[in-house]
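Asker: Construct all of the structure, not just a fragment, from the sequences and the given hints.
There are 2 protein chains.
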Amino acid sequence: MTDKTSHFADRLNAQIKKKDSAVCVGLDPRLEQIPDFIKEKHFAKQKNPFTAAAESFIEFNKGIIDAVFDLVPIVKPQIAFYEQYGAEGMRAFKETCDYAKEKGVLTLADIKRGDIGSTAEAYAKAFLGKVDLNGEKSESFDVDAVTVAPYLGWDGVKPFVNEAVKYGKGVFVLDKTSNKSSADLQDLQINDGRTIYEIMAHYIDSWGADDVGESGYSLVGAVVGATFPTQIVSLRKLMPASIFLVPGYGAQGGGADDVRAAFDKKGLGAIINSSRGIIFAWESSDSFTEKDYAQAAREATLTMLRDLRWE
Amino acid sequence: MTDKTSHFADRLNAQIKKKDSAVCVGLDPRLEQIPDFIKEKHFAKQKNPFTAAAESFIEFNKGIIDAVFDLVPIVKPQIAFYEQYGAEGMRAFKETCDYAKEKGVLTLADIKRGDIGSTAEAYAKAFLGKVDLNGEKSESFDVDAVTVAPYLGWDGVKPFVNEAVKYGKGVFVLDKTSNKSSADLQDLQINDGRTIYEIMAHYIDSWGADDVGESGYSLVGAVVGATFPTQIVSLRKLMPASIFLVPGYGAQGGGADDVRAAFDKKGLGAIINSSRGIIFAWESSDSFTEKDYAQAAREATLTMLRDLRWE
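Top to bottom, those sequences are chains D and R. Per the numbering used here, the first sequence runs over residues 1 to 311. Per the numbering used here, the second sequence runs over residues 1 to 311.
Just so you know, these hints were derived from the structure itself, not from any lab. All of these numbers come straight from a predicted model, not from anything done at the bench. Yeah, the Cβ is synthetic: ideal placement off N, Cα and C, and Gly gets one too. There could be a bad hint or two in this list.
Claimed, not checked - For the chain R half of the interface with chain D, some residues (derived, Cβ under 7 Å), not all of them:
| hint | residue |
| --- | --- |
| 1 | Leu31 |
| 2 | Gln33 |
| 3 | Ala80 |
| 4 | Lys94 |
| 5 | Tyr123 |
| 6 | Val131 |
| 7 | Asn134 |
| 8 | Ala149 |
| 9 | Asp155 |
| 10 | Leu174 |
| 11 | Thr177 |
| 12 | Leu305 |
| 13 | Asp307 |
Answerer: Here is the structure:
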């Protein structure tokens, strides 16, 4: 188990050093891509198909985590894929996070939440802090970090930062996302010539300025897509103390050279996420069948690791 | 039950006409404010405190819905308050929505989701459409409308609009939110002089242009806070076919005069939300005790209704 009293950035950078790896595996299960041998078992056994979906996700994810836990500092379940199966899906989400923690891997919940202050506080307590249970306080999801959407400004981010400070957790604020239409809003230029993602970088840098750990990084990180390598270079300068969460590697088109500028000279300060490219690697492989999905995920992780060492 | 084959804006406007009411009740249960006689019963009975919290929410919400269903066209549960209690909380969210539908009230899930295309699709199917259960398709949350955050641009909104078109549902995109620091991002002025919320209004208007119902309104609505009355006036002109969801009435400071410009001449095209001011009305009342929380909510709704008729 990780030490929750120490700073999130220090905990993450220590894991990156220890495993010599900045690979973040995205645990984004899609039922239609889960191997049949897993699905069929659970759909035969469970009366409630939502429970069967949840159990299929749990078994699949445990297989992936067992195969990669020694190779990656952190995993990132995208909550949408769990939430779509309601209460049972959320149970699978929690069991996945708990299992990753048991295996000594940090957990980053990709939730992209953001709301007015009092509501953001409810989310923040649920994922990073403790919730009220009629006077008693208890952890609910208890992950190591979350992603947050900044459309509502500081009000919507602050409650997450507050809980993160209190419990040694981290917050990754969306800045320049990996999707094509991120330009619709994020690339707009304001009257002083800066783009919205540059303004946002300024906010992110200042929001984290009070909470920098021993490794030189803040607990407020930034999401910057691998699909925008030029922006990675310029944003790294605007947010020298923010850990970058870089999605969009692999399936979305980003490569190792595209993300190199996200790292500092010691190879720290960034995590590069791949989801489909790793967890469903068996689908595009000639050497693996669905039974070997976990082994295929390990091989894909090792390949990505080598690519990210630029050897 | 409402007819899901007809257009969301028509269904909502028909409810507003029928009940002569544009009040939206925010179902935002906070455990510390749930009457003791409800909480104590469930915390005594249930071994799992998360189940006790969920059961308390369900009983409380059913009481509120029973008291107001004939007075309001729509209710808006804020999912954060449920989600904080994990899988059990999400069950309470679903049971609340299902109960409101049974009582002939539309349901608007305040989820503020927004993600890259393939992920947004998972959310959209979960809340508005149908999810895959190993080949079978089934409804998951099945609410009438959702709120969506636009930081990722059209990619992140489109999947919701697609499902809304297919199933007669609605989408409310955040434009100018009711919180103070909405200015951080939303009030920035771009190089042609327009603010981000004006740009966003332009997007929202265009995103809904292809899907206008018989009542003249689109299935893509906008969230515009009651706390910004001047912006309500200007935004109404920029989005003539969008239904406005107006939060920030009551507890957050907005009043009836502030929101008047959100409505068209027939009194249609807007819903005004109040959460704490209605569901916890008994707390600030001399005439009601906690046992009468539902009656207090009905009285507060009637007062708000009268205020919004400007009689």
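Asker: Does each hint hold? Answer for all of them.
Answerer: Checked hints:
1. Leu31: holds (5 Å)
2. Gln33: With a closest approach of 10 Å, the Gln33/R hint is violated.
3. Ala80: Holds, because the Cβ-Cβ distance from Ala80/R to chain D comes to roughly 4 Å (cut-off 7 Å).
4. Lys94: With a closest approach of 6 Å, the Lys94/R hint holds.
5. Tyr123: holds (5 Å)
6. Val131: holds (5 Å)
7. Asn134: holds (5 Å)
8. Ala149: holds (5 Å)
9. Asp155: With a closest approach of 4 Å, the Asp155/R hint holds.
10. Leu174: holds (6 Å)
11. Thr177: Check passed: Cβ of Thr177/R comes within 5 Å of chain D, closer than 7 Å.
12. Leu305: violated (24 Å)
13. Asp307: Result: violated, 22 Å to nearest chain D Cβ.
Consistency note: the structure conflicts with the earlier hints numbered 2, 12 and 13.
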